[in-house]
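Participant: As a plain string of letters, each chain reads:
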Amino acid sequence: MNETRYSRTHEWVRKEGEKILIGISQHAQDELGDIVYVELPSVGACINAGQSFGVVESVKAASDLYAPVSGEITAVNDRLQDEPGLINQDAEGDGWIIAVKDVSDADWNALMTEADYKTTL
Amino acid sequence: MSELRKTPLNGMHKEARLVDYAGWEMPVYYSGILEEHMAVRQMAGMFDVSHMAKIMVEGPEAIDLLQLCLTNNIALIAPGRAIYSLMCNPQGGVIDDLIVYRFSDESYMVVANAVNEQSVYYWLKGHLPDKGVSLRNLTDNYALIALQGPIAAKILKPLMSEDPADMKYFDLAFVNLLGRPCVITRTGYTGEDGFELFLHRSEWSIEQIEDLWEHLAAGGAKPCGLGARDNLRIEAGYPLYGHELSETINPLQAGMGWAVKFNKGDFIGRAALECEDRTEPVELLVGFKMLERSVPRQGYPIFSGEEQVGHVTSGAYSPIRKEDIGMAYVLEPYASAGIRLEAQVRQRRLPLEIMPKPFIEIKAGKAENALSPDRL
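One line per chain: the protein sequences are A and B, in this order. Numbering of the first sequence is given in the working numbering, commencing with residue 1 and proceeding in unit increments. Numbering of the second sequence is given in the working numbering, commencing with residue 1 and proceeding in unit increments.
Simulated from the structure, these hints should not be mistaken for lab results. One or more of the hints may lead you astray.
Computed Cβ-Cβ distance ranges for the label pairs, DEER-style [claimed, not checked]:
#	chain 1	residue 1	chain 2	residue 2	range
1	A	D116	B	G305	40 to 46 Å
2	B	G242	A	R79	43 to 49 Å
3	B	Y169	A	Q89	37 to 43 Å
4	A	D90	B	Q308	56 to 62 Å
5	A	A61	B	K131	27 to 33 Å
6	B	K168	A	T119	57 to 63 Å
7	B	Q347	A	Q89	26 to 32 Å
Just so you know, these numbers come straight off a predicted model, no measurement behind them. A virtual CB, placed ideally from N, CA and C, is assigned to each residue, including glycine.
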């Protein structure tokens, strides 16, 4: 069972075996509208919970991506370079943005469950 | 805050993402900005632009008031024709850009930006002579639909008493549309061929206006919001008040000198524009494209080395060019195609190259480029 958790800033985190994926929520992509560019961080860089780790640019605006947890980036979704619209099409699947490791239980437990997140929308 | 104004087509926008635009509740997009953008370039899109300011200037002295308050030579247009102009303050700064439609000998409709409805109306009112001109703000009296795109004429033809393809660019005509009186103009703000439909509320009920909207949709026009409208006008290189035009920018800097006619007699702003101080460094409006991905946004500073030489006024992702484009004011020595500068994008400096506007081939006004009804 791959559980997905959410931050107040509308990012999601999902544990898929060893991999921990991060993206923006379906709700967030809907609010942003057509995404035309994603400024991705580099593999090996560290993210810090609550800090910006990248930017998504929609047609209308640029929005910071905030790290929902701290950790080290093990992969970035290179498909987004040519197909940023993947986030619109499948925000919580193929539109994942980065993969990280070394996420603490404390960070994970501080995130909202899907049910809790939905009550905030 | 006060209640937002609603256009007569508000009921057609239930599925759209709505925003407060200049005090109006307006659709920013229905299905998605890029999809709507492409519909206008390839087929047709329709925009509810009923929020545009519509000011009627009538009477024997109407032409004199317009000549005084506007930079273009309004006397050049015959009844049934329209002209683009700027309205300037005495310092030569732009109060607004607008289109004047000559309805008849002594009757002119001024269509200005919604955000400037009050400033344009009161500027005209402030210069009204004692007699000979009647000035009426008819913004709420008309619904206004812009139908834009290569198949616009084809969509209209079966609904109209005349063949829309017979109209020339910047023509206006009084026609019957779905059996009701309509003022139709061959104008727009997208760079495509297209028409604008003025529907007077005394002749069109809400239901009839909605019925027309649905007829246009059935004919192949995609409902489009202000997001696509902005993206389209940027690709076409058209300025927008609040971005490329303002009270501190003069028309010559904005590349709109063609709409300032010094041979027509006196007008407000003339003296300032004639003796513009050329000893001061001047910023000129240019087009540019980003050489690395990132959508330029209004306000981003532009650098040559460590010196700031300009700033971005508008930016967009162009789905036609598949690159990030924008407009900017840069100091004159840098305002030449091919020059490379850098935009400050958040923490980084990204390279850009000055290039000529428009960014696409303009189809408006080139009737041979429009798909004629016979060819479809």
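Participant: Would you pick out the hints that fail for this structure and give their numbers low to high?
Facilitator: 1, 2, 4, 5
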